[in-house]
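Colleague: Here the structure of chain W is known, so what remains is to put chains H, P and R in place on it, guided by the hints.
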Amino acid sequence: MHSVSIRSLDLAFGSVKVLKDLDLDIHDGEFLVLLGSSGCGKSTLLNCIAGLLDPTDGQIFIKERNVTWLEPSERGIGMVFQSYALYPQMSVEGNLSFGLKNAGLPKAEIAERVARAAKILQIEPLLKRKPGALSGGQRQRVAIGRALVRDVDVFLFDEPLSNLDAKLRADLRVEIKRLHQKLENTMIYVTHDQVEAMTLADRIAIMKGGQIMQLDTPAEIYNRPRNRYVAGFIGSPSMNFLDGGLSDGVFETGGERFDISGYPFEGAATGPAEMGIRPEHVATGHDLDGLPIQADVTVELVEPMGSDTQVWTTLAGQSFRFRMDGQAEIRDGDTIRIGIDPTKASFFDKKSELRL
Amino acid sequence: MPDSNAAPRRVDGSRPPNPLFRNLTSKLAALPMVLTALVVFIGCTGWTIVHSFTGSKLLPKLNWVGFDQYEKLWNTRRWLISIENLALYGIFSLCFTLVIGFTLAALLDRKIRFEAAFRTIFLYPFALSFIVTGLVWQWILNPDLGIQHVVRSMGFTGFEFDPLYNASIVLYGLLIAGLWQGTGFVMVIMLAGLRGIDEDVWKAARVDGIPVWKTYIRVIIPMMRPVFITALVVITSGIIKLYDLVVAMTAGGPGIASEVPAKYVYDRMFSSQNLGQGFAASTMMLLAVAIILIPWAYLEFGGKKHD
Amino acid sequence: MTDTRLTPASRLLEGPRGPKPTRRLSGRNIMLYGTLIVMAAYYALPLYVMVVTSLKGMPEIRMGNIFAPPVEITFEPWVKAWSEACTGINCDGLSRGFWNSVQILIPSVILSIAVASVNGYALSKWRFPGSEVFFTILMIGVFIPYQVMIYPIVILLRELGLYGSLWGLVLVHTIFGMPLLTLLFRNYFTSVPDELFKAARVDGAGFWGIYFRIMLPMALPILVVAMILQVTGIWNDFLFGVIYTKPEIYPMTVQLNNIVNSVQGVKEYNVNMAATLLTGLVPLTIYFVSGKLFVRGIAAGAVKG
Amino acid sequence: MRTITGLLAATALTSASAAFATDLEVTHWWTSGGEAAAVAEFAKAFNEGTDHTWIDGAIAGSGSTARPIIVSRILGGDPMAATQLNHGRQAEELVEEGLMMDLTEIAEAEGWKDVVNPPSLLDACTLDGKIYCAPINIHSWQWMWLSHKAYADAGLDVPQNWDEFAASAPQLAEAGKIPLAMGQQAWQSNGAFGVMSIAIAGIDAWTDVFVNKNEETVMGPEYTKVFEAAAMAREFSKDSKVQDWNLATNLVITGQAGAQIMGDWAQGEFAVAGQVAGEDYTCLPGLGANEVIDTGGDAFYFPVNDDPEVTAAQKELASILMSKEAQVAFNLKKGSLPVRGDVDLSAANDCMKKGLKILADGGTVPSGDMALSRDILDELEDLLTEFWSDPSYSPEEAQKAYAEIISRAE
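Protein chains in written order, with this note's numbering: chain W, -13 to 342; chain H, 123 to 429; chain P, 8 to 312; chain R, 2 to 411.
In isolation and in its complexed conformation, chain W is listed as follows:
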């Protein structure tokens, strides 16, 4: 059963098309992350699902019910915002109960639900405080609580952690994940942070220009990006791309010929193409053994990061990065031998940018 279904959704502001003929099915109890850079339409899509924006065309279903033109409060959704959007003049308790009061629930039930949500989120001691007296993390918990008390089918998160510092962000991320495990609700989560996306999501939808580029599990997206955009977007540091041509199990780039016979091509494997290889998939030292592609490169810049070290260099005349162990002793100007496993690489058609 689908929890949320979107059918050929269009949204235009004047002549600017923000969502283009978009289809999406979200399973019951799934944690779906909408990922993309700013302006890709991910927040717009979320607002459409919430009913805060009217689509130009298309349909939205929640729990098999067509909600395209229903009020936000009639859709059975709860929403958490980036800026928390707590009502500043109401106490935490007031914030939590506002929606329930609007729905006309009896007092006793409101109290019970508020208490339950407060317990889950461990904000019981804060109930009488005003939002201004809370820390950022506490505020976001209250914001989540506000969605929680509503006892809804679908949770919508609009970049809920962006305003927090790194440590808090990591903590709350885990908490959200636990919450999902516990509640088993459908959650739709918008973010531009791929770490959040990878850690939280059952599936990730990567968006660009009002369309979904790829909808898959994090692992699939990481390992088998459907197109060059997704490949470049996911992964940090991002994927290296080498420009060249494909023919008969050989990739020619910058005068070098790489043997890629082990790569499982999905279609035709000739013509101009780009080879993508993640920096962490580049082998050095003992790992070189048996790799069909090997080369000596000169180290240009070293970025030690503690657990590992990033090395900037040039391969086949193109800028190239790779990752080494943090303990490796390496300096600018050193020459080092690297190797690439073609099965871990990705190839994209130069023109269509699709995965080959």
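These are computed hints drawn from the structure, not numbers from a lab.
EDC-like, lysine to aspartate or glutamate: derived pairs with alpha carbons at most 16 Å apart:
{"no.": "1", "chain 1": "R", "residue 1": "239", "chain 2": "H", "residue 2": "284"}
{"no.": "2", "chain 1": "H", "residue 1": "194", "chain 2": "R", "residue 2": "405"}
{"no.": "3", "chain 1": "W", "residue 1": "194", "chain 2": "W", "residue 2": "179"}
{"no.": "4", "chain 1": "P", "residue 1": "253", "chain 2": "R", "residue 2": "57"}
{"no.": "5", "chain 1": "H", "residue 1": "179", "chain 2": "R", "residue 2": "411"}
{"no.": "6", "chain 1": "P", "residue 1": "253", "chain 2": "R", "residue 2": "26"}
{"no.": "7", "chain 1": "H", "residue 1": "179", "chain 2": "R", "residue 2": "94"}
{"no.": "8", "chain 1": "P", "residue 1": "253", "chain 2": "R", "residue 2": "24"}
{"no.": "9", "chain 1": "H", "residue 1": "183", "chain 2": "R", "residue 2": "97"}
{"no.": "10", "chain 1": "H", "residue 1": "183", "chain 2": "R", "residue 2": "93"}
Modeller: Then chains H, P and R, alone, in the frame of chain W:
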């Protein structure tokens, strides 16, 4: 909270509602504004324009006279003087109000002592009506009682300062009182704007070694564009409406040296009982307002994109 | 207003932001305070003259100069201005107009602010096709001289059956207060984050629910500004009061005008000044009391966009 | 028992409605000392003579402040019960629109036609044979008021006509006196000029201009003399820095100024100040040259009211305003002449008696208010106030501009 917007619970959300009734409550709530805009501002303006082509005297009548009223208007010396006065007063008032308002605000913003006291002193005249302003300045500027009298009695018998009785400088007399009444409010707007500027900007300017005055002119003022626009709206709307102050201080005198368009309109409509002429003058004022404002309003409000 | 994120302006309002002048009696400081004191003298002078004059007797006024403090303080002019000064055959001074002014003021201030705040709210959060057009018309309305509107509005009020009544005048004040107040509220509510508004919609609050429960409680700074502007404007109004009502409900300014402009033999400057001060007392008090809030509110609403 | 109380109640009811007391709001712009005292006489007569109450709606300033308020009130459909308006063309349109009450019935019953003198006053109230206003008084502009004290201080004799005054003016100025007191308001400049026109150019030339609207006469030699005299008057009055007419009058009363050209209402100010005509001040009708007076004046109009109670009370008010007692009491205070030829004015002072004599001799001219439209009058006012305040404005230029305006008069 009973809420008509959320009240009609529709089970079926598949059909788009009639766009007219989408968020109906908000449209109903905006009705007073829509009616005011349409009936009062557009309707009454249209009514005025239509009647400017009539020979209406005491009562509005539709006895068409074509452009006669306009022809007469532009042949009337008092109208021409009124326009000239308004232009002069307007330019001076605009410049001085902005400069004084900003200077005072900048001075107050420099972590001075007694800021609240100074601010109150600069602002209180704004609480007083033009009748009061006119009366007190009329008195201070009265040559037989006020400044001139006092200075002369101190021994400077040749001292002359009688702007309200000297046609060539009467506008400055009005300006002294007008600035006294109006600059405080502009100062507050400016002060609010200055307080909204990030302190880092000051730090950056100090690090770069830019002198204070230069920082104000090159950095701070350009950052305060919206503030200046608000101030500009407040000042210019006051200038165009200039009427009460003139009536209270000089009644247009000496002679007709301090007449202004709004007073011409009022006098022609009600005193001369020549509505048509008054409406023609009003229409010219409206036209001037429209020429200045419509492009600005379009840029400021009309061209804004969704975000 | 504790959540500082919601009104970034208020965060920056705690104190002056300009460069810190050097301490002690430097040349720069002398110039700074010198300029301020000279300007303050210009602004304070008329008030001083009004007060001093209102405490003098007529003979003293004729003799001395207007800046000299009174030799012999008398409250006679105040008494006369309040309860004895004549207009025509009525000799009861300003007192008859005071309560009329209060009666006009209260509903006018409340209604005009209520309408304008709803307008500003609708314009910032519930835009509909054409809403900006109406707003632009209102903005141009700020510049239309009142004289142009007097006549058509007489006809309008007559057709509505409100002419001459208190409510007719309240309506006129509401209409003419609308453009500037709507601008203030619109700018203020625009600065309230959209997410707050969205959250409330998800929570099932509708137009009025959000207005009363979320927006209005947040609008205190701008409400203060609107109130101050309207109280001064309406209290000081003469033209509308005299044209759209009748003698039983003439505001205080009509009596002020009558006292100031009906000269019985000689101009009684002391009585005029006392009358002037008495009339200005209400708005002046409000300014002296809430001046700080005024600056704050302006910062929060007026100077954006 | 029951029936009796019922009957009593019924009687009380009928008697109450028979003598229903109505509040009548009366607007006017008479707020100077003499004016207010005069209007109080009307209010007293009305309050004492009827069961009704006079609600005073005084609006200070001048006619130009009050007139828009009055007209708006009438148009707004919530009119006052009675209002002052200068009669003549001002109210014509309001009458045509049927907004003013027809007083013909009461005028005929009380025989206004027979008592109003000069009859032109009632004519100005008449439209299509019906009477719409009650004339209150006769005001004439053609007076010059001279301060005995000022002349005594300067060691001069009080002049008896304009030429003597003009000759004495430089000496007055030397003695530190303002020769001619003038208020700054436009209507004062225009009025004074009108007075000088009749006195200097003569009645015939004046009539040709004002009644026949002949602009050529304006350019003629008689009027040239008027403009030259006005330029002299301008010089005489250059130190008179007051706005209001009664402040100017006060300069004369206190001997700071030698003279003022002002209508007979100035007399009320002299009276309030306790001055006696002939002893403390001298009045010269027609500037002592052409002894005529115009017969302008004030009138009361009664806007139509739906309420029959009010209508009845309005008629009572009209009747009282025209009564002999009220006419005498009012006009003695105001310094104007009564509109009835049949009243006893033995209490009048020297100046009023001079006026009455001229009136009885038929030395009257119509007032500018009646002869020209308000629009043209305002244009003349603008012209003359500018001329009067700007010493560089030459008489020749002013004469041309004046002729141009007259040429456009209907």
